[in-house]
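Same order as they appear, the protein sequences are chains A and B. To convert, note that position 50 of the first sequence is 50 in our numbering; the numbers rise steadily by one, no gaps. To convert, note that position 59 of the second sequence is 59 in our numbering; the numbers rise steadily by one, no gaps.
To be clear, the hints were calculated from the coordinates, so they are not data collected in a lab. Any given hint could be a false lead.
Note that identical chains are pooled: a pair holds if it fits in a single copy or bridges any two copies.
[Stated by the list, open to error] Think about it this way: if two alpha-carbon atoms lie no more than 20 Å apart in a straight line, the pair counts; the simulated SDA-like pairs of lysine to any residue are: (1) LYS12 <-> ASP61; (2) LYS6 <-> ASN74; (3) LYS28 <-> MET1; (4) LYS56 <-> GLY38; (5) LYS64 <-> GLU29; (6) LYS2 <-> ASP61; (7) LYS64 <-> LEU11; (8) LYS2 <-> GLY31; (9) LYS12 <-> ILE77.
There are 2 protein chains.
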Amino acid sequence: MKYRAKIEVSLKPGHSDPEGETASRLLKELGYTVEAVGVSKVYTIFLEAQTPVDAKAKAEDMCKRLLANPTKDNYTIAIEEQK
Amino acid sequence: MKYRAKIEVSLKPGHSDPEGETASRLLKELGYTVEAVGVSKVYTIFLEAQTPVDAKAKAEDMCKRLLANPTKDNYTIAIEEQK
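With the rest of the complex left out, here is chain A:
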């Protein structure tokens, strides 16, 4: 079966997010009332797996081995079956 995993990797609270701070400053300069801006990254991965549970386990494994840095990143995984 084919699955689509959407993995969002974001910074853990307390880690500096220069890209978010820059976006926040620029949006304020453009006149918007924004309080805070955070920037995270989404990996959309099309993968083969037996079941949704298996797909999620694989995606989690990918995060641990490659996509997320356990020291500074949090991640969330959403799995969707593909036709």
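The hints should help you fit chain B onto chain A, whose structure is shown.
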């Protein structure tokens, strides 16, 4: 009222995504059966607005003026009210 806008900015189809291609290659080297990997960016913005519709209009405006490049980017906006 306070709202949280989640803006996902992704590449339009056909645009090269070197970061996604590199992630795809590395995941294959690690032994995963992946078909394609796309990388997009999510801006989580806490902003002031009158209504959800107003918040969405503001977020859309931010995309057009700063966050997304109309030539190469697509974007989606999700608005959530904050307590």
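Status of the hints after comparison with the structure:
no.: 1; hint: LYS12 <-> ASP61; in the structure: within (19 Å within a copy, 28 Å between copies)
no.: 2; hint: LYS6 <-> ASN74; in the structure: both (14 Å within a copy, 17 Å between copies)
no.: 3; hint: LYS28 <-> MET1; in the structure: between (46 Å within a copy, 18 Å between copies)
no.: 4; hint: LYS56 <-> GLY38; in the structure: between (25 Å within a copy, 17 Å between copies)
no.: 5; hint: LYS64 <-> GLU29; in the structure: between (38 Å within a copy, 15 Å between copies)
no.: 6; hint: LYS2 <-> ASP61; in the structure: within (17 Å within a copy, 36 Å between copies)
no.: 7; hint: LYS64 <-> LEU11; in the structure: within (15 Å within a copy, 25 Å between copies)
no.: 8; hint: LYS2 <-> GLY31; in the structure: between (45 Å within a copy, 16 Å between copies)
no.: 9; hint: LYS12 <-> ILE77; in the structure: within (16 Å within a copy, 23 Å between copies)
Taken one by one, the earlier hints all hold for this structure without exception.
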